[in-house]
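Undergrad: Given the sequences, and given the hints that come with them, work out the whole structure.
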Amino acid sequence: MNVHFTVNGEEREAAVQGPESLLFVLRERLGLLGAKDACEQGECGSCTVIVDGDLVCSCLVMAADAEGTEVLTVEGLATEDELHPVQQAFVEHGAVQCGFCTPGFVVATAHLLEHQPAPTEPEIREALSGNICRCTGYGALLRAVQSMGGASP
Amino acid sequence: MSVAPPDATTAPGRVGSSTLRPDGVPKTKGAFAYASDLQDERMLWGATVRAPLARARITRLDIAPALAIVGVHAVLTAEDVPGLNAMGQIVQDRPVLAENEVTYWGQPIAVVAAEDRETARRAADAVIVEYGELEPITDLVEGHERGLVFREHKARRGDPEAHGEVAVEGYYEVGTQDQAPLGTEAGIAFPDTEGGVDVYAVSQWIHVDHEQIVDCLGLRPEQVRVHPAGMGGAFGSREDLSLQVHLCMLALHTGRPVRMVYDRQESFASHVHRHAARMWYRHEADRDGRLVRVEARVLLDAGAYTETSPAVLNNAVYFAVGPYQCPNVFAEGYAVQTNNPPSGAMRGFGAVQSCFAYEAQMDRLAVELDMDPVELRLLNALETGDRLATTGQLIEEPLPTRAVIEAVRSLPVDADRPGNDPLGLPGGTGLTTPPNSVVRGVGFAVGIKNLAFSEGFDDYADARVVLTAAGVEVHTAAIEVGQGMVTILQQIARTVLGVDQVAVIFDDTSLIGSAGSTSASRQTQMAGGAVYRAAARVREEALRRADGDDLTGAGVWRDGTVVATLEELCGSDPIEHEVRYRHIETAEPDEDGQGSPHVDFSVAAHRAIVDVDPELGLVKLVRIDSAQDVGRALNPQSIIGQIEGGTMQGVGLAVMEELVLDRGRVLNANFTDYLLPTFLDAPPVQSVIVEEPGSWGPFGAKGFSELPTISSTPAVVAAIRAATGKALTRVPVRPEHIVGIE
Ligand code: FES
Ligand code: FES
Chain A
1 MNVHFTVNGE EREAAVQGPE SLLFVLRERL GLLGAKDACE QGECGSCTVI
51 VDGDLVCSCL VMAADAEGTE VLTVEGLATE DELHPVQQAF VEHGAVQCGF
101 CTPGFVVATA HLLEHQPAPT EPEIREALSG NICRCTGYGA LLRAVQSMGG
151 ASP
Chain B
1 MSVAPPDATT APGRVGSSTL RPDGVPKTKG AFAYASDLQD ERMLWGATVR
51 APLARARITR LDIAPALAIV GVHAVLTAED VPGLNAMGQI VQDRPVLAEN
101 EVTYWGQPIA VVAAEDRETA RRAADAVIVE YGELEPITDL VEGHERGLVF
151 REHKARRGDP EAHGEVAVEG YYEVGTQDQA PLGTEAGIAF PDTEGGVDVY
201 AVSQWIHVDH EQIVDCLGLR PEQVRVHPAG MGGAFGSRED LSLQVHLCML
251 ALHTGRPVRM VYDRQESFAS HVHRHAARMW YRHEADRDGR LVRVEARVLL
301 DAGAYTETSP AVLNNAVYFA VGPYQCPNVF AEGYAVQTNN PPSGAMRGFG
351 AVQSCFAYEA QMDRLAVELD MDPVELRLLN ALETGDRLAT TGQLIEEPLP
401 TRAVIEAVRS LPVDADRPGN DPLGLPGGTG LTTPPNSVVR GVGFAVGIKN
451 LAFSEGFDDY ADARVVLTAA GVEVHTAAIE VGQGMVTILQ QIARTVLGVD
501 QVAVIFDDTS LIGSAGSTSA SRQTQMAGGA VYRAAARVRE EALRRADGDD
551 LTGAGVWRDG TVVATLEELC GSDPIEHEVR YRHIETAEPD EDGQGSPHVD
601 FSVAAHRAIV DVDPELGLVK LVRIDSAQDV GRALNPQSII GQIEGGTMQG
651 VGLAVMEELV LDRGRVLNAN FTDYLLPTFL DAPPVQSVIV EEPGSWGPFG
701 AKGFSELPTI SSTPAVVAAI RAATGKALTR VPVRPEHIVG IE
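Sequence lines, in order, name chains A and B.
Using my numbering, the first residue of the first sequence is number 1, and each one after it goes up by one.
Using my numbering, the first residue of the second sequence is number 1, and each one after it goes up by one.
Quick caveat, the hints were computed from the structure, so don't treat them as lab data.
As the structure is a prediction and not an experimental result, all values here were calculated from the model.
Note that the Cβ used here is the ideal one computed from N, Cα and C, for glycine as well.
One should not assume that every hint holds.
[Stated by the list, open to error] Per the computed footprint, the stretches of chain A lying under chain B, defined by three or more beta-carbons under 8 angstroms from a beta-carbon of chain B, are:
1) 34-42
2) 55-65
3) 68-80
4) 97-111
5) 133-140
TA: Structure, rendered in structure tokens:
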């Protein structure tokens, strides 16, 4: 079957076989390799995207269920010549090491700040607790998010 | 084909500044190519048939049903391995594909290539394998008693009759930890038109992979090119081969590019883990607290094949006493063969296991002596001019053990009681224990580890530095695993050459010599050392060519004016120098383990503060602070990142991370059941960078990135002991150990 949806503002159509996940279709059929696959179980957040305004693990969403939705992936955040402020803050604060978790964290942080422009430290930790980072120990991630949210680092 | 090795753009930034990583921008945009992103229009997907048992004879293997599936191009078994059916960087003993028997859970038996991922997986399922199950050896002591030992190592130093007035004994265990890099094993192989192959896959040392792949494929070395590929972390798990030979075999067999990406369960099943350990210790001291004698016996669970176990085992013994002086030491260790999952390198490499034991011993000794545990450590601290307790090696390089201890001790401590905010207490809002029965504890630990390769190994790194009109190119086979190699090499080249425009190019094995392993905390000193020296020669030649006295991006200067621009200097004739850099020679120790097997050491200290709910056995880390010996800080931001990340892996081992095994099978090979620290588990970390420049690393820098993982685990457990009064001799500490219902 084919699924039709809007991805990063563009109408897209993709072939879907059986139970393929939205993550697989984004990566393998649409060539959007930003969302990562680290567990396929909803545990690590590497595959985080926004579907109709909600933050989801795209590995848990059946691609067929994305019919008619609006999907925002990490590729949809930066403009041609400017990083999204979250991306900029991550780069500046050393929140990126191997970077495999980064697309997921960037999308989750952008979503958080859109709904809660000045989160407290516990709110940041809670909101991002579905994303695993094995490299940074979360310190630089916290400083990056705090640098944008007004709450003092 | 759409494959490009990760390389670097440029940003200004010299040694000592927190220069931003050049790959930070593409990584935040999702535009950085990881091994799992590599693909080609003509590619097939590979999948692997794996053993469901830890020990069995293979009684039947039938690939016909898989081959019959439409879209399947190849199903290969042990018979199809063109060369040696054995891999391993120390001893080649692990089969590429199992032949007749399986010896660990998840061992590869056959590989398939098909038009798409689903078909490949279906084909792998369709291969018929029948087994005659054998009793797996899963108990370390039993394996040792049966003489199943890959390596034993002894350290005997001093007077066997010497004894102290005060003695403490202990038995300790460490569970099996997984590196859990977020990027799983992945790669792609391209056949060439002459029977050769190019492979791009996760690796920590492409040249040692190359040697093994060549042997397994039975090809000439120049027919195989191993390329670096974007890494989603490593932490030791990429030191041994995983899917490389499988990919090459399938690509050569089908004549098509073949891609494989392991899922998380396969990742857990296929790579080596941190060795589980059992350790028996006796420490003796005089009444003042000076160590007089240490006895230690260490068993490490190596799994079914050698891998890097001999080196891990030796490290566990070398650092059996830790960063302390002691004149009389009798230590022995055994790497035991079992049918548990394979073990090998993980950050800290043997020094982690002993540190958990010797630091618990130091705390016991402090109690016995009625002494402050930090004072006891300061009293015995091993420093420059002292001899390593196990080998007797004279410490010649800076070793600021007292400085790291003092630095951590002087950081402010939080209130000595937990607060009342449930969010800050163990269990969070779900806490059912009255907040005032939550107890707080403080724990302290110090760790030591060697840097770079030891024991007479010919340890070197090649690098080539090229100056062109456009700037500087640094060529290396060192691996950017996420640690920031690319930034450090840029900073070194910029600083030596005075030119801001520096691109780091990670070459394949046909284009540059080995950089050695990206492990053992060695690349800042080794690859960095090679780049430093090659850049210095480029600078010399530039000055000579234009008879100048300085070099910058503007060109060569003489007496304050530019006498040749880069274009004039090397526009048509680039200046190029390649260096093979070796650290000073080390030597194998004698039969008593005595001698000078190491080139250098680093130390770190941690202080952990925890709150514990003694009724439910829940632990909340309040904070964990650290001081780290780095020689000279080349990039403070990146150092802090290594300290914080490494510390959290040690916290994971302390309280949550362990493979749960049943008859050698891993029961929790997924992120739902193998728990990793999340944002909510991670406490604030305050880090102090201690600088005492060394003599041989670039600008005095020392490697250190394993250290934060070594002393963090014992510090956390010491804090839980302080809060609860429990002995807690095993990590990870589980609620049942605290509550005492086990
Ligand atoms: S890959 Fe989707 S949560 Fe891990
Ligand atoms: S930067 Fe490697 S997992 Fe987060």
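Undergrad: Does each hint hold? Answer for all of them.
TA: Status of each hint after checking the structure:
1. Restraint check on the region 34-42 of chain A versus chain B: 8 residues with Cβ-Cβ distances below 8 angstroms, three needed, restraint holds.
2. Counting residues of the region 55-65 of chain A whose beta carbon lies closer than 8 angstroms to any beta carbon of chain B gives 0, which falls below the threshold of three, so the coverage claim is violated.
3. Counting residues of the region 68-80 of chain A whose beta-carbon sits less than 8 angstroms from any beta-carbon of chain B gives 5, enough to reach three: the coverage restraint holds.
4. Using a Cβ-Cβ cut-off of 8 angstroms, 8 residues of the region 97-111 of chain A lie near chain B, which meets the minimum of three, so the contact claim holds.
5. A count of 8 residues in the region 133-140 of chain A with a Cβ less than 8 angstroms from any Cβ of chain B is obtained; the coverage claim is therefore met, three being the minimum.
Going down the numbered hints, you'll see the structure goes against just number 2.
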